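J.: Residue numbers (our numbering), protein chains in the order written: chain G, -8 to 244; chain R, -8 to 244; chain P, 425 to 728; chain H, 425 to 728.
It should be emphasised that the hints constitute simulated quantities derived from the structure, not laboratory data. As the structure is a prediction and not an experimental result, all values here were calculated from the model. Note that beta-carbon positions come from the ideal geometry of N, C-alpha and C, so glycine has one too. Just so you know, not all the hints are guaranteed correct.
To be verified - Pair ranges (Cβ atoms, derived):
(1) G:D174 to R:N75: 36 to 46 Å
(2) H:E718 to G:P181: 31 to 41 Å
(3) H:E718 to G:Q143: 49 to 59 Å
(4) P:F515 to G:I1: 37 to 47 Å
(5) G:P181 to R:P49: 35 to 45 Å
(6) R:D194 to H:Q455: 36 to 46 Å
(7) G:P88 to P:E507: 19 to 29 Å
(8) R:I6 to P:K703: 29 to 39 Å
Claimed, not checked - Only part of the chain P face toward chain H is listed, based on derived beta-carbon distances under 7 Å:
(9) L567
(10) K576
(11) K723
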Amino acid sequence: MMERQLLPIIKQSQIAYETFEIVFRTSLAQQLKPGQFVHIALPNHILRRPISVANVNPIENTFTIIFKIFGDGTKMLSTYQVGNTLDVILPCGSHYPIEDLHVRKALIVGGGVGVPPLYYLAKTLKEKGVDVTSILGFQGKEHVFYEEKFQQLGDTHIATNDGSYGVKGFVTDVIKQIEPEFDYYFSCGPTPMLQAVTNVMGDKQGFISLEERMGCGVGTCYACIVPLKSNPEKSLKICKDGPVFAANEVVLG
Amino acid sequence: MMERQLLPIIKQSQIAYETFEIVFRTSLAQQLKPGQFVHIALPNHILRRPISVANVNPIENTFTIIFKIFGDGTKMLSTYQVGNTLDVILPCGSHYPIEDLHVRKALIVGGGVGVPPLYYLAKTLKEKGVDVTSILGFQGKEHVFYEEKFQQLGDTHIATNDGSYGVKGFVTDVIKQIEPEFDYYFSCGPTPMLQAVTNVMGDKQGFISLEERMGCGVGTCYACIVPLKSNPEKSLKICKDGPVFAANEVVLG
Amino acid sequence: MTLRISMPGLNLKNPVMPASGCFGFGKEYSQFYDLNELGAIIIKAATKEPRYGNPTPRVAETASGMLNAIGLQNPGVQGIIEEELPFLQQFSTPVIANVAGSTIEEYVYVAKSFNETNGVQALELNISCPNVKEGGVQFGTDLQLAKEVTYKVKEVSRHPVYVKLSPNVTNIVEMARGVVDAGADGLSMINTLTGMQINLKMKRPIIANKTGGLSGPAIKPIAIRMIYEVKQAVDVPIIGMGGIETAEDVLEFLLVGANAVAVGTANFRNPLVCSEIIKELPHVLEMYGFSSVEEAIGKGHTHG
Amino acid sequence: MTLRISMPGLNLKNPVMPASGCFGFGKEYSQFYDLNELGAIIIKAATKEPRYGNPTPRVAETASGMLNAIGLQNPGVQGIIEEELPFLQQFSTPVIANVAGSTIEEYVYVAKSFNETNGVQALELNISCPNVKEGGVQFGTDLQLAKEVTYKVKEVSRHPVYVKLSPNVTNIVEMARGVVDAGADGLSMINTLTGMQINLKMKRPIIANKTGGLSGPAIKPIAIRMIYEVKQAVDVPIIGMGGIETAEDVLEFLLVGANAVAVGTANFRNPLVCSEIIKELPHVLEMYGFSSVEEAIGKGHTHG
Ligand SMILES: Cc1cc2nc3c(=O)[nH]c(=O)nc-3n(C[C@H](O)[C@H](O)[C@H](O)COP(=O)(O)OP(=O)(O)OC[C@H]3O[C@@H](n4cnc5c(N)ncnc54)[C@H](O)[C@@H]3O)c2cc1C
Ligand SMILES: Cc1cc2nc3c(=O)[nH]c(=O)nc-3n(C[C@H](O)[C@H](O)[C@H](O)COP(=O)(O)OP(=O)(O)OC[C@H]3O[C@@H](n4cnc5c(N)ncnc54)[C@H](O)[C@@H]3O)c2cc1C
Ligand SMILES: Cc1cc2nc3c(=O)[nH]c(=O)nc-3n(C[C@H](O)[C@H](O)[C@H](O)COP(=O)(O)O)c2cc1C
Ligand SMILES: Cc1cc2nc3c(=O)[nH]c(=O)nc-3n(C[C@H](O)[C@H](O)[C@H](O)COP(=O)(O)O)c2cc1C
Ligand code: FES
Ligand code: FES
């Protein structure tokens, strides 16, 4: 069940260039699953902003979001401090169906603001005994975040577009280079990256998480649809059926 | 010369029911004259809010406004605290032309949020050696403010609509009752009050201060006009030619 | 304090309903509150066949408003009747079906299809959707077409028909008079205004369809003006909408002559908005001196 | 980075000018900055005789917008020429006179009067003011009248004529084509949308005139859409306006095809807004990859 809650911010910090982390406390923290998002209202903005759950602390009843300043809304969000509250709808959307999978070795492929949900996923996989390899792409050195945290969960590779840190190039360059072994891959990032990744992956089994401009964020307005690969005349809703889809389920871009 | 300045709030307090006082610091404080107003911008409001100057401290370079919660804007204004800043245009409009008058005995007649500008006026008159009698009308006991401050300047009478404090009735009832002596009267308040006051005053010389919904507040948009008594086909601008007018200069309401 | 209001086919416990396209078919928002609280529910547009709608992005945010170009995506009238209406029948809340189409025949087909179900109590004839290439907006901006489609739908439908007017016209009164003459039982107004926003980085319209319909508080003054004008010209009930977010907004619509109101865009920001407005409405009516919804209707017209 | 832009009769150092009615005749805002900074100045409407305008209240605030019903108050064309233009002639900034009237004869008279002065460089033909009973908006919503008044004014005026279009029409492209066919040298768009707001306490419209013109950021998506559509249909320069507050907004108007822009309502909140936008514009153009204003014009049209 989704709820609208007024959530207190209990931690806030800048973790990379124009990239911020906020920790909220909520009674619903334990229900948030990897891949799900929360839908955040901001003063004087007609539409909410969807932001992925980047981590959950089930003991403290808190969860973390990580976001980058993109436009007006995320800029305003970056000014929120400990003690402020935000009006949030949660939990939203589908999650990586890891309970239903027999994963032994997972490959995580993330780009930019697609990295945050993958941290919570990687952490959960690791807790289940899965072997995790992570390949994370960023624009440049100052944009990199959570590298150490991923490293604690397994082998981690960083790529930057400008080569200012890690491998110069795209996550797909790293994939080709290190030829990782895995039975499932999990990817989140900008659509061009997801296209490149799913191309490279060919028939491998995987799950991807999509973004689209949203109206309601709960499934009523049909703003956020994505065509089905099996029948492009039909579609799924990213906010309700997604944001996580099987890699071969939907048509990208 | 008008300026737009970002002014720090150095004092803020509630002084009566839904009535607030804010003190700003500005390099222009000494230029503010009794009767003038400042034009205050508020976040997410397209139009500024005109508020009278209620007092000036030329040594500290500060001035005071007093306002009542009326709608959205004044409600938001009431949440501003010491340390916040506000975007203000000042000084705006005309002032009571006391330098040019030979006043010995002044009668001050104010109602509700028309009282604030009259305090600065009364104080200035008193400093010039003028004998000041003040008649102030409020809705009820909890709405009364600045009574003692006015008393320090001269004889002061309070009327309340509901009789919960002072004389029950209107300021005009008090005028008729006490038959004050004066050579000029100065009045500010809601239009019905100004009409009643100017009626009671007949041919006596006086000045009144008017309110109207404003666009620019500086004289460009013609939103705030008032017809001339001598020729109702012509008009003056309350924001620029006013808000202070000779009592017989303009047509009320 | 009674909030009850009656209109052809609709006996409402209160005048507040979600607007078409902003509430889907009710399921999602039923997680947030009991749909029995609502005066009525206007469901998403129905066409003859299932429609995919427009490419994405389909929405954009504007100053105090939003643009949408969903393009009438829906599972088709049969799909709606079979898969969506049963869920809504568990509630005591009347359902208004939003009827759309590209041709008069399609409108007639859809309207007729709703004759076969007990799941809807009235039709809202959407002649004003600006987001479909063929049909759609032309019906709402062409007086003759608007009259014709109204007349033809009235001929076949067993339900009262509320015609939803487009604000994208020079003369809203003429349109209102026209569809009332053609038999409309009521009016619903306003639909969205056609707008556009540019993505500066991409140097093209944000919305894939280029133009979208502008809704939200930004358009409220236009809705209020149009209802005020139309109320003086026609004698059928009006469902008012456009930017409603609060119970005060509802009163504003009642005062200019709306008999009931619909809340659209505001649901997206606050999924509980309709429920909250309904709870607040009695206090607001009382504060402004009214003892019923009925009493407030049109009261903004009485002064010189 | 050059901001220069040329249009019939106007050689502008930059494309930013205050909109008619929102800057008076320049005096007040000249206290805030040097009017030489401006691309041009569009002055308040001129009619044949002095006009008193509408009763007050004349303005109201709305969500991201405002309503106004000033009613063309002005000192008459002679008064403007004699008392207002001399002040503006000290600046190197071109002046555009806004021509209004209730009859075609009045428009012609006013336009002709401006032939006698060197104080104006172009005319903006205001066929779209929604706030005057007689004339005014009818010219802007009636194709034949719009064409006729344009033609007649062109016949007598020695100045280039920019016709200011009303957005309160079903088909903006038709209106634009019509006035261009009738000889308009350029277009100016958009004027305000007719709206209303109710004073809940008084139970009547806030604006004494009842309806007023809606301006400000609320209407920007409508302005952008209309300019986008008109740009594809006609081949004259467009002065774009409607809700501009920032240099990014200016770029949005340029991208859909405006050659220059006017800033109205935003002056009221920020008297320095035009000056600030002009200073910011080069940075914004650069950030989005343009090396001149010219280069950006219409670039939002190039994608599929
Ligand atoms: C399921 C989901 C999860 C996301 N998770 C994250 C995350 O963890 N961290 C992060 O930094 N970003 C995330 N995003 C992207 C984030 O939602 C956008 O960056 C944000 O909405 C931009 O808002 P803005 O006001 O700053 O930008 P503006 O461009 O001013 O926003 C204008 C409108 O466009 C929408 N919009 C713009 N870009 C996007 C986008 N990429 N996706 C969806 N809507 C968009 C906004 O929500 C708003 O409605 C996620 C998006 C989705 C759909
Ligand atoms: C010259 C002048 C001096 C004033 N001095 C004071 C003062 O010292 N203390 C005080 O409390 N009030 C004063 N007022 C009134 C004050 O401006 C309004 O109460 C205030 O603008 C209301 O804003 P709001 O957002 O709360 O109300 P809303 O009704 O939400 O405002 C909506 C719009 O209407 C305008 N408006 C509403 N009421 C008035 C009004 N009475 N006068 C002008 N505009 C109005 C607002 O400015 C705004 O543009 C003065 C008004 C004028 C013209
Ligand atoms: C996302 C979205 C989808 C809509 N879909 C429909 C629709 O299918 N049929 C219809 O008649 N109106 C539709 N509308 C218009 C609304 O019902 C309503 O008339 C309009 O949005 C104005 O109200 P609001 O400002 O409260 O949103 C839609 C509006 C939005 C925002
Ligand atoms: C108070 C006010 C007065 C106006 N007066 C005129 C006028 O005299 N002539 C005219 O052509 N437009 C007039 N307009 C319209 C503006 O010039 C402009 O077209 C419109 O406001 C949209 O721009 P904006 O959103 O930047 O204000 C007026 C607008 C306002 C707000
Ligand atoms: S955002 Fe409304 S259906 Fe997904
Ligand atoms: S408010 Fe604009 S002229 Fe007075």
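J.: All hints, please: hold or fail.
T.: Each hint tested on the structure:
no.	hint	result
1	G:D174 to R:N75: 36 to 46 Å	57 Å, violated
2	H:E718 to G:P181: 31 to 41 Å	33 Å, holds
3	H:E718 to G:Q143: 49 to 59 Å	55 Å, holds
4	P:F515 to G:I1: 37 to 47 Å	39 Å, holds
5	G:P181 to R:P49: 35 to 45 Å	60 Å, violated
6	R:D194 to H:Q455: 36 to 46 Å	38 Å, holds
7	G:P88 to P:E507: 19 to 29 Å	25 Å, holds
8	R:I6 to P:K703: 29 to 39 Å	34 Å, holds
9	L567	10 Å, violated
10	K576	22 Å, violated
11	K723	5 Å, holds
In summary, the numbered hints that this structure violates are 1, 5, 9, 10.
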